[in-house]
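K.L.:
So you can see what is in the structure, the chains are spelled out below.
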Amino acid sequence: MKQTGLKWIWKMSGGALALLALLVILIALNIIMGGFYFRKDLTEEKVFTLSEGTLNLLKKLDAPVTLKYFFTRSAAATSVPLKTFARQVEDLLNEYRLAADGKIVVEIYDPEPDSDAEEWAERYGLSGQTLDLAGPAVYCGLAAVKGDAVETIPVLDPRSEELLEYNITRMIARAANPKKPVVGVMSSLPVMGVRAFPYAMPGQPRPQNQPPWAVFQDLGRDYEVRSLPAGAEHLDPDMDLVILIHPKNLSDKTLFALDQFVLRGGRLMAFIDPMCLCEAMLGDASPDLSRPFSDLNKLTDAWGIKYEGDKVVADLEAATRVRLNNNALDENPAFLTLRRENIDGQNVITAPLESLILPGAGAFTGAGAAELRVESLLVSSPQSQLVNSFAARLGSEAIRRDFQPGLKKMNLALRLHGRFKTAFPEGAPPAASAADDKEQKPGESKEEAPALKESEKETTVILVADADLLYDAFAVQELNVFGARVYQPMNDNINFFFNAVDYLAGSEDLARIRSRGRFERPFDKVLALQRSAQEKWLLKERELQSQLESTRERLESLQRQKDKNQKYILSPEQEEEINRFRQEQLKTQRELKQVRKNLREGIERLGGKVKILNILLVPVLVAGAGLIFAWRRSARTR
Amino acid sequence: MDFVRNTKAIAKRELVSYFESPVAYVFMIVFLMLLGFLTFFVSRFYEIGQADLRPFFFWHPWLFLILVPAAAMRLWAEERRSGTIETLLTLPVSMTEAILGKFLAAWIFIGLIIALTFPIVLTTVYLGDPDKGAIIGGYIGSFLLAGTYLAVGMMTSAFTRNQVISFVLALMICLFLLLAGWPPVTDLLVKWAPDWLVNGVAAFSFMPHYEAFQKGILDSRDFVYYLSAIALMLFGTYIVVESRKSA
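Quick mapping for you: the protein sequence lines, in order, are chains A and B.
Each number in our numbering comes from the position in the first sequence (counting from 1) with 33 added on.
Each number in our numbering comes from the position in the second sequence (counting from 1) with 2 added on.
There is no bait here: all hints are sound.
Restricting the straight-line Cα-Cα distance to at most 35 Å, the calculated cross-link-like pairs of lysine-lysine (DSBU-like) are: (1) A:K644 <-> B:K217; (2) B:K14 <-> A:K73; (3) B:K134 <-> A:K79; (4) A:K620 <-> A:K558; (5) B:K134 <-> A:K92; (6) A:K281 <-> A:K331; (7) B:K134 <-> A:K644; (8) A:K558 <-> B:K134; (9) B:K217 <-> A:K93; (10) A:K73 <-> B:K134.
Covered stretches of chain B (in silico footprint by chain A; criterion: 3 or more residues with CB under 8 Å from a CB of chain A, positions within the stretch not fixed): (11) 47-53; (12) 121-127; (13) 214-227; (14) 238-246.
In case anyone wonders, no lab produced these hints; they're calculated from the structure.
For each residue, glycine too, the CB sits at the ideal point set by N, CA and C.
Go ahead and model the full structure; you've got the sequences and the hints to work with.
P.N.:
This is the structure in structure tokens:
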């Protein structure tokens, strides 16, 4: 017995040793396989594979770019999710290296405390963050070095994984071409931020500085941004692109300067807005109520595009759920949520986009002048109509009351390409007053160059009938990533903007990468149900409202029939009619409530079916199969 | 050739025995109903309105924690308790064939249960337009994860003739491997263990490998990780059964 026990212990310890050996072998195998791995990306949009845009850009590299990746892997405080993300970054960098045919060199550093790697990370301006009180700083940043040019991503954000490739490619592009294209920005809104006068009036709160809008903070990283005054009368010809944001009341001289800029081959992007919500949100103390909208009609008329500045697109299918002041939710048809069906999937600017929010957008009509090619980038659904912007401000009830869909898609954003004709066939507009002429500096010539009547070469203009889409509240969410402030897109608004800017002034390849992968995959069936329910509700509401209206009219006509003496005394007919009116009103309200309830029921019923099907159907079938199996077995044994 | 035939024969015998026991049906029903309940009522899959199966796959590792050790606990413990292990070992099959056969049978059984969640795929395709690649990846990841849990359960089942002890042991090991590397666990370790140990423990964690599959990425490293873990546990089973045989 004792001998067997010893034998067993001997055998067990031998087994344990063998197990340990296998463990070591397997760990070694895992480490070795880490170097020779293959990945298959099953996602539909190949979100985790290098895109064509990146490959094109890598092909164009003339000299090697070194990517230095700093990640504090060894610190125990670095969490597993962050390590997983870091592995993805490494994999992606490796893909770059393989695709670039020697033009990309990847170096990976673990910046442990007080190491050379940490010193380098700091020298590149990467920000390490301490995750716990006593722990070392954790770095997760990237630097691209080409000769003397250094570009960095100080903190890689695990939450915007979809933008990882875009950000890395953009960094490489910047390092490879240090000269930035020039973009001029002219705006009636404080898009570039506000530097407040630091002293307050007695009794007044201290004025606060406002940072630039997130979009424009970002723009400065890739482009040389020049802020143009709203009344600029001369535009530098060396600018590649001019962006207009909510251009209100531009003088003829400014419009002429823009006109000539385009005719000289400059590219223009204009965000004009019939109902600028952010103007009020930014607390403009004295909004110009006589003319709250912006337009470029003088120029666009010459290009064959019409735009009604005081009309807003209301679209039932693109209505957005917004929270009202009283905290109630409201489906507002003037607050457009655009999805794939509203976005041109063929155009490089919009093809990768999926969802945009345009609060209070206008519409463009017209086929464009003969020499221009006009493409719609964003459109409304056929269930849309132009409504007065004043009515739209009153809210969805006011819009829905008289809603008559035009059954035609409306253009919300256009791309015009070709040779443009001048909007000033008579030449430069005269100065508004003699004083203007006198203001001219002595050295300045009155006309820099003879006015052009037609484009010298083909160029592109992008018109967007909304400016609010760029405002932070509608486009981004501010996040804190290891203590750093990072903006994360809420939708594709920013992607749309940058795709267009990259397309017009930068690299078309970059426009191809941004926003790959879909943020949203909504339940289309539920959305369709919601839409049809809304339509039914609208019809019913209108019907019941008109019934109420006719009762009210009857009441009024009874009142008119009475003679003067009896004016303040109710006639029996009137009394009866009032009673009937009240009853009808009650009934109408009850019916409307019922209709609303019935409409919600459609969606809830579908949800109920789906839940039952998924939770009970298969278990019931399994139970049935089990019973049949048991019954057959017992029958056989009997 | 004999190896394949014998393994197949054992797997078949085991698989049939699963379906002969009412417990298997109860397993299936409980797992499917719980998964449906958690997905629809706790994760509010329908109300979120997104054709993305992540809220569904999220629950798999947690439900497997109960289901898989339960399905594995009888594999050896029962044989040992009832004494059929001797019969099994006198059959003209090798130990490796017996272990592999049993493992494959249990894996197929669990795979079948996973496959029976197909209505949620149909539902999602009906309601919206999901990324099919991510769904396929999610199912592959789920199947591999179940296999790893199963291998752990098989080893603990070989340790003891008491099924409950086997179940609890397997559950604890799987739970540890699931949580390893998660901040609450590493935080506990960080206080006293050296960095290499903390990092080593974290490297064994199931979760990061499972997550890549859910995104729709098939990475050879994740396959190697799961298959190594399965191989290690099966080898452990071999050693335990072999030592018990001679004891």
